[in-house]
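Construct the entire structure; sequences and hints are all you get.
Here the protein sequences line up with chains A and B, keeping their order. Quick note: the working numbering has the first sequence finishing at residue 424, numbered continuously throughout. Quick note: the working numbering has the second sequence finishing at residue 424, numbered continuously throughout.
The hints are simulated quantities; they were obtained by calculation from the structure and are not laboratory data. Every residue, glycine too, gets a C-beta built ideally from N, C-alpha and C. Any given hint might turn out to be false.
[Claimed, not checked] Here are some chain A residues pointing at chain B (derived, C-beta under 7 angstroms):
no.: 1; residue: L150
no.: 2; residue: D160
no.: 3; residue: T161
no.: 4; residue: L177
no.: 5; residue: G179
no.: 6; residue: F180
no.: 7; residue: G185
no.: 8; residue: L186
no.: 9; residue: W191
no.: 10; residue: Q193
no.: 11; residue: G202
no.: 12; residue: F212
no.: 13; residue: A221
no.: 14; residue: L344
no.: 15; residue: T347
no.: 16; residue: L393
Protein chains: 2
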Amino acid sequence: MQRSGFDRLTDQVVERFGDTPDPRLREIMSSLVRHLHGFIREVGLTEAEWMQGIEFLTAVGQKCDARRQEFILLSDVLGASMQMVSVQSGNPAGCTESTVFGPFHVEGAPHYADGGDVGNGASGTACRVRGRVCGPDGEAVPGAIVDVWQSDDDGLYDVQRPELDRAQGRGVLTSGPDGGFWFRTVVPEPYPIPTDGPVGRLLQATRRSAWRPAHLHFRIRADGYRTLITHVFRRDDPHLGTDPVFGVRPSLIADWPPAADGITQLSFDFVLARVHDSGSKES
Amino acid sequence: MQRSGFDRLTDQVVERFGDTPDPRLREIMSSLVRHLHGFIREVGLTEAEWMQGIEFLTAVGQKCDARRQEFILLSDVLGASMQMVSVQSGNPAGCTESTVFGPFHVEGAPHYADGGDVGNGASGTACRVRGRVCGPDGEAVPGAIVDVWQSDDDGLYDVQRPELDRAQGRGVLTSGPDGGFWFRTVVPEPYPIPTDGPVGRLLQATRRSAWRPAHLHFRIRADGYRTLITHVFRRDDPHLGTDPVFGVRPSLIADWPPAADGITQLSFDFVLARVHDSGSKES
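This is the structure:
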């Protein structure tokens, strides 16, 4: 087949990565170069547009600091994070689906015993969350490490409040002998992703909603099982169809009804996949 | 055709850009999303690799400042800049080919009359450069604005020397009635692109050369003609086959022989395309 000058350039760049000692890095760079060049050819990128792209990426990098990760936000709003999660998770049928990790997790959050107040002063409507961690055959998974994190009813995570000197709406629990855990907190509310940076300008220029549907984050780790990173959403949320980070999956939407005492209560079962079970890699 | 979950996610992201008022931005975002998702699927990007990518891009952004543009450097070493130049330039046969602009051009460089010393104190072997600007039928192009810039024999451009308070190896000339111009300067030497940042680490990890073959930059502008951005290389340069930014084209390689008086002299004809002539868009 006759190769055009464009293709020859792409081949030449790919070949230049041919001496990369790490075969995985070589594979990634080759694929990246082919897709990047393909994009430039497909749209016929002009020099002015290329320079706009350079300036945009530079602004994204310069917005990042210890508390703000604008490149994760960019990856999220382009659906790249969710595509990576989808390619990787591939949980067997019946296991809880994964979704995006997001930029607001913090390692080393405080531990709580069952019934503890993870909200820890966060503003919002009081609620209880009851979870059960089990395996694919319904077996209880005791001793699972359950990280939870959420925003308050101003739509802010504790790390977005520089004046705070403690974790709020963030904690770690351990599942009991029956796989269960429970804690008190506040009902999560919808919030806009940060719009004061270049990603916010992109959403504005493309008329996209910045509002994430309300959700509670979970990361659940247990020996012999695959780590689960997911959210639980609220069924009554008006933003479920326009999540800017594409994180909603129908199986992760739950009711948060009032309990007998009138307090809102979420009950959710988390089904972990075993380490060596592989899924369809689709969901 | 059955669409997989991955494709459905990609379609969903593309649809979400459907309300973008600017049709060109919509076209660019759609193509970008499809290629970005295609890359992630093709390599089966893991979460750890995704995070490495996030950290790399963040470091690239944070390396940029008023004198350093690490994203242009990244675009250059991935061949993306040259792919954009190739898609756009498409000069008709016989016209001088374009190459990458690079990160070292400065607007408003000093003007020189014919015979002026553009080197202006830059270290290196003295040389003369004689050029002629003409159109596709060989007609002289008088009054063309000729920007030239180059590194010294330490491989540094003046903007890479914070202690310098004047332009060195950088100037603007105007072509005479016969399209000709000439100036004195120093012979350009090979130099490594800056390797003290994340792009340098990428070249190191992939065992790629950082050495650009010696070259003199030109930007030539004239009414009625398309602006030409190009380099002239030295035929004796050992790095011509491994230019890290893929800027070498055979037609831009020239001899720099000694003149009758022993001084090295480059003579080069620049053939501009007319504004309304379109090329094959290949080269």
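Checked hints:
1. Taking 7 angstroms as the C-beta cut-off, the interface hint given for L150/A holds, the closest approach to chain B being about 6 angstroms.
2. Among the interface hints, the one on D160/A holds; its C-beta lies about 4 angstroms from the nearest C-beta in chain B, closer than the 7 angstroms criterion.
3. For the restraint placing T161/A at the interface with chain B, the shortest Cβ-Cβ distance is roughly 4 angstroms, inside the 7 angstroms limit, so the hint holds.
4. Hint status for L177/A: holds, given a least beta-carbon distance of 5 angstroms to chain B, under 7 angstroms.
5. Interface restraint check: G179/A against chain B, minimum CB-CB distance 6 angstroms, threshold 7 angstroms, status holds.
6. Taking 7 angstroms as the C-beta contact cut-off toward chain B, the hint placing F180/A at the interface holds, the least distance being around 4 angstroms.
7. Interface hint status for G185/A: upheld, as the beta-carbon distance to the closest one in chain B is roughly 5 angstroms, under 7 angstroms.
8. Because the smallest distance between the Cβ of L186/A and any Cβ of chain B comes to about 5 angstroms, under 7 angstroms, the interface hint for this residue holds.
9. Interface restraint check: W191/A against chain B, minimum CB-CB distance 5 angstroms, threshold 7 angstroms, status holds.
10. The beta carbon of Q193/A comes no nearer than 10 angstroms to any beta carbon in chain B, farther than 7 angstroms, and the hint placing it at the interface is violated.
11. Given the 7 angstroms rule on beta carbons, the hint for G202/A holds: about 1 angstroms separates it from the nearest Cβ of chain B.
12. Because the smallest distance between the Cβ of F212/A and any Cβ of chain B comes to about 5 angstroms, under 7 angstroms, the interface hint for this residue holds.
13. Using the Cβ-Cβ criterion of 7 angstroms, the hint placing A221/A at the interface with chain B is satisfied: the shortest such distance is roughly 5 angstroms.
14. The criterion of a C-beta within 7 angstroms of any C-beta in chain B is not met by L344/A, whose closest approach is roughly 10 angstroms, and the hint is violated.
15. Using the Cβ-Cβ criterion of 7 angstroms, the hint placing T347/A at the interface with chain B is satisfied: the shortest such distance is roughly 4 angstroms.
16. Of the supplied interface hints, the one on L393/A is violated, with its beta-carbon coming no nearer than about 15 angstroms to a beta-carbon of chain B, more than 7 angstroms.
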